[in-house]
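Colleague: Protein chains in written order, with the working numbering: chain A, 1 to 179; chain B, 1 to 138; chain C, 1 to 156.
Mixed in with the good hints, there may be bad ones.
Claimed, not checked - Below, a list of computed lysine-lysine pairs in the DSBU-like style, where the Cα atoms sit at most 30 Å apart:
1) C:Lys51 with B:Lys48
2) C:Lys68 with B:Lys10
3) C:Lys148 with A:Lys13
4) C:Lys76 with B:Lys42
5) C:Lys27 with A:Lys13
6) C:Lys68 with B:Lys48
7) B:Lys48 with A:Lys125
8) A:Lys83 with C:Lys57
9) C:Lys57 with B:Lys48
10) C:Lys68 with A:Lys77
11) A:Lys13 with C:Lys77
12) C:Lys76 with A:Lys13
13) B:Lys10 with B:Lys68
14) B:Lys68 with C:Lys115
15) B:Lys47 with C:Lys115
Simulated from the structure, these hints should not be mistaken for lab results.
Residues per chain are reported as follows:
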Amino acid sequence: MSRQGMRSTDPKKVNSELFTLTYGALVAQILKDYENDDEVNRQLDRMGYNIGVRLIEDYLARTGSGRCYDLRDTADKLQMAFKMYLSITPSVTNWSPAGDEFSLILENNPLTEFVELPEGHGGLKYSNILAGVLRGALEMVQLEVAAWFVQDQLAGDSCTELRVKFLKRLEDAMPVGED
Amino acid sequence: MAVAVAVIGKENSPLYVRTVNPSSELKFMYTIHASLDVVEEKVIVGKKSSGELRELYLGLLYPTEDYKVYGYVTNTRIKFIIIVESSYTTLRDNDIRQMFRKLHNAYSDVVCNPFYVPGDTICSKQFESSVKGILIQE
Amino acid sequence: MADDVLFELLHMEMTISIFQPDQSESKRSSISKLEQIGFCTGYRLVERLTKDWPRFKDELDTMKFICKEFWSCIYKKQIDNLRTNHQGVYVLQDNRFRFLTQLSQSKQYIEATPKYLAFTCGVVRGALSNLGITCIVTAEVFSPPTCKFQVQVQRI
Numbered sequence: 001m002s003r004q005g006m007r008s009t010d011p012k013k014v015n016s017e018l019f020t021l022t023y024g025a026l027v028a029q030i031l032k033d034y035e036n037d038d039e040v041n042r043q044l045d046r047m048g049y050n051i052g053v054r055l056i057e058d059y060l061a062r063t064g065s066g067r068c069y070d071l072r073d074t075a076d077k078l079q080m081a082f083k084m085y086l087s088i089t090p091s092v093t094n095w096s097p098a099g100d101e102f103s104l105i106l107e108n109n110p111l112t113e114f115v116e117l118p119e120g121h122g123g124l125k126y127s128n129i130l131a132g133v134l135r136g137a138l139e140m141v142q143l144e145v146a147a148w149f150v151q152d153q154l155a156g157d158s159c160t161e162l163r164v165k166f167l168k169r170l171e172d173a174m175p176v177g178e179d
Numbered sequence: 001m002a003v004a005v006a007v008i009g010k011e012n013s014p015l016y017v018r019t020v021n022p023s024s025e026l027k028f029m030y031t032i033h034a035s036l037d038v039v040e041e042k043v044i045v046g047k048k049s050s051g052e053l054r055e056l057y058l059g060l061l062y063p064t065e066d067y068k069v070y071g072y073v074t075n076t077r078i079k080f081i082i083i084v085e086s087s088y089t090t091l092r093d094n095d096i097r098q099m100f101r102k103l104h105n106a107y108s109d110v111v112c113n114p115f116y117v118p119g120d121t122i123c124s125k126q127f128e129s130s131v132k133g134i135l136i137q138e
Numbered sequence: 001m002a003d004d005v006l007f008e009l010l011h012m013e014m015t016i017s018i019f020q021p022d023q024s025e026s027k028r029s030s031i032s033k034l035e036q037i038g039f040c041t042g043y044r045l046v047e048r049l050t051k052d053w054p055r056f057k058d059e060l061d062t063m064k065f066i067c068k069e070f071w072s073c074i075y076k077k078q079i080d081n082l083r084t085n086h087q088g089v090y091v092l093q094d095n096r097f098r099f100l101t102q103l104s105q106s107k108q109y110i111e112a113t114p115k116y117l118a119f120t121c122g123v124v125r126g127a128l129s130n131l132g133i134t135c136i137v138t139a140e141v142f143s144p145p146t147c148k149f150q151v152q153v154q155r156i
């Protein structure tokens with residue numbers, strides 16, 4: 001005997017809300033622990049990196065995707081990954097003249113769906129985990145990149161912009177995870 | 001449309017009160033406070049029954065000469081009170097339900113903000129703008 | 001669905017990173033932090049999930065909701081067995097607990113399991129707390145991935 005209600009709840013929506021809410025609770029806890037915005041940003045980036053390192057396995061297994069030809073190819077694959085894991089399609093834009101830097105523009109960001117930043121935390125990069133995920137995942141496919149947020153809707157910007165800069169191609173033979 | 005909207009916390013402390021006309025706030029606070037007993041009573045009666053009476057919307061709590069007071073209680077024991085003018089005869093039960101639904105959605109978004117501490121008064125801008133949509137604009 | 005993976009990896013990363021061996025903080029405070037993150041998540045999630053739900057009749061009715069709908073949302077399956085002594089103690093058994101299915105069955109892993117349960121203990125406590133039931137939630141694992149959560153309602 002199933003009760004009425006719930007019918008309207010889309011399981012996919014609930015899934016992403018579960019992730020959003022868990023992430024929110026995590027950020028709030030880290031903020032309580034460290035207080036300092038920069039340190040919180042650093043922790044989120046670090047955790048993201050570790051997630052990215054593991055997530056790439058899943059991505060490769062699902063897509064059967066091969067090596068990236070160039071950075072444009074990488075950008076397309078990142079776009080696809082956002083679609084797969086967060087159900088959003090960021091636009092790829094703002095290429096640097098040298099073609100070694102681009103931006104992912106997020107028009108809506110599921111991570112920040114319910115968030116209103118508390119007063120006095122203007123320096124908090126709430127979604128910084130995403131920058132870390134990108135960095136970690138790409139490192140596993142021999143691409144060393146820097147990734148950082150340049151705009152954030154939470155801070156009043158018109159969109160959320162994640163900048164990605166290619167640093168170097170890592171040698172295949174290098175054992176991963178060593179310093 | 002409504003002349004006053006209130007969100008009352010688990011322990012009956014007001015989390016949010018807005019009235020169309022700020023000068024009438026005190027008067028409505030009294031009405032709201034008085035309605036809470038009716039709310040509790042309705043919830044107890046509702047729990048014992050089955051089916052439709054267990055819905056979150058409690059309907060009309062009581063009419064005064066000039067106003068009608070409606071109530072709604074979430075499963076998490078948050079009470080919503082909406083007051084409308086009795087002269088608004090075109091307002092149907094369904095319209096009132098819609099208002100509560102909107103309020104409930106807005107409230108649960110407030111709770112989901114990781115920086116909102118449950119039980120604190122609500123000062124979210126998002127919530128404010130949702131309530132504006134429920135209140136009459138003078 | 002692919003977004004499941006993201007949640008699982010986030011949970012794993014939270015669990016691992018809160019338990020860094022070089023941190024001076026005790027194991028207990030790490031567990032309580034994870035539990036607290038779970039509490040906030042459960043509290044908020046249940047607010048959304050009960051929005052279209054008829055009012056609960058009583059405590060048992062609420063517990064059934066937690067075992068069925070609420071559990072399914074997070075763990076993709078219902079609780080396999082719910083038992084109660086009708087005096088405020090409920091035992092929820094999950095025979096294939098999502099966060100334990102990937103773990104090996106060897107003994108040393110069984111010792112490491114409490115940290116994989118802390119978040120969930122918090123989630124349950126948070127959800128029940130928002131629904132008006134104050135309780136203590138503990139977990140036990142005998143043979144992974146089977147585990148039991150015990151809810152002890154605190155009556156005032």
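Colleague: Look at each hint and say if it fits the structure.
Modeller: Hint by hint, here is what the structure shows:
Only pairs whose Cα atoms come within 30 Å are accepted, and Lys51 of chain C paired with Lys48 of chain B is accepted, the gap being roughly 20 Å. Restraint check for Lys68 of chain C and Lys10 of chain B: the C-alpha separation of about 25 Å stays at or below 30 Å, so the hint holds. Note on Lys148 of chain C and Lys13 of chain A: the hinted pairing holds, with a Cα-Cα distance of about 28 Å set against a maximum of 30 Å. Restraint check for Lys76 of chain C and Lys42 of chain B: not satisfied, since their Cα atoms lie roughly 36 Å apart, outside the 30 Å limit.
Restraint check for Lys27 of chain C and Lys13 of chain A: not satisfied, since their Cα atoms lie roughly 35 Å apart, outside the 30 Å limit. Using a Cα cut-off of 30 Å, the hinted pair Lys68 of chain C and Lys48 of chain B holds, with the two alpha carbons roughly 22 Å apart. For the proposed pair Lys48 of chain B and Lys125 of chain A, the alpha carbon gap of about 49 Å is over 30 Å, so the pair is violated. The suggested pairing of Lys83 of chain A with Lys57 of chain C is violated, with an alpha-carbon distance near 41 Å, which exceeds 30 Å.
Our distance criterion of 30 Å between C-alpha atoms is met by Lys57 of chain C and Lys48 of chain B, whose separation comes to about 7 Å. As the CA atoms of Lys68 of chain C and Lys77 of chain A are separated by approximately 38 Å, the hinted pair breaks the 30 Å bound. A hinted pair counts as satisfied when its Cα atoms are at most 30 Å apart, and Lys13 of chain A with Lys77 of chain C qualifies at roughly 17 Å. This hinted pair checks out: Lys76 of chain C and Lys13 of chain A have alpha carbons roughly 14 Å apart, not beyond 30 Å.
Of the pairs offered as hints, the one joining Lys10 of chain B and Lys68 of chain B holds, with about 23 Å between alpha carbons and a cut-off of 30 Å not exceeded. The straight-line distance between the Cα atoms of Lys68 of chain B and Lys115 of chain C is roughly 53 Å, outside the 30 Å bound, and the hint therefore fails. Distance check on the hinted pair: Lys47 of chain B and Lys115 of chain C sit about 38 Å apart at the alpha-carbon level, beyond 30 Å; violated.
Hints 4, 5, 7, 8, 10, 14, 15 from the earlier list are contradicted by this structure; the remaining hints agree with it.
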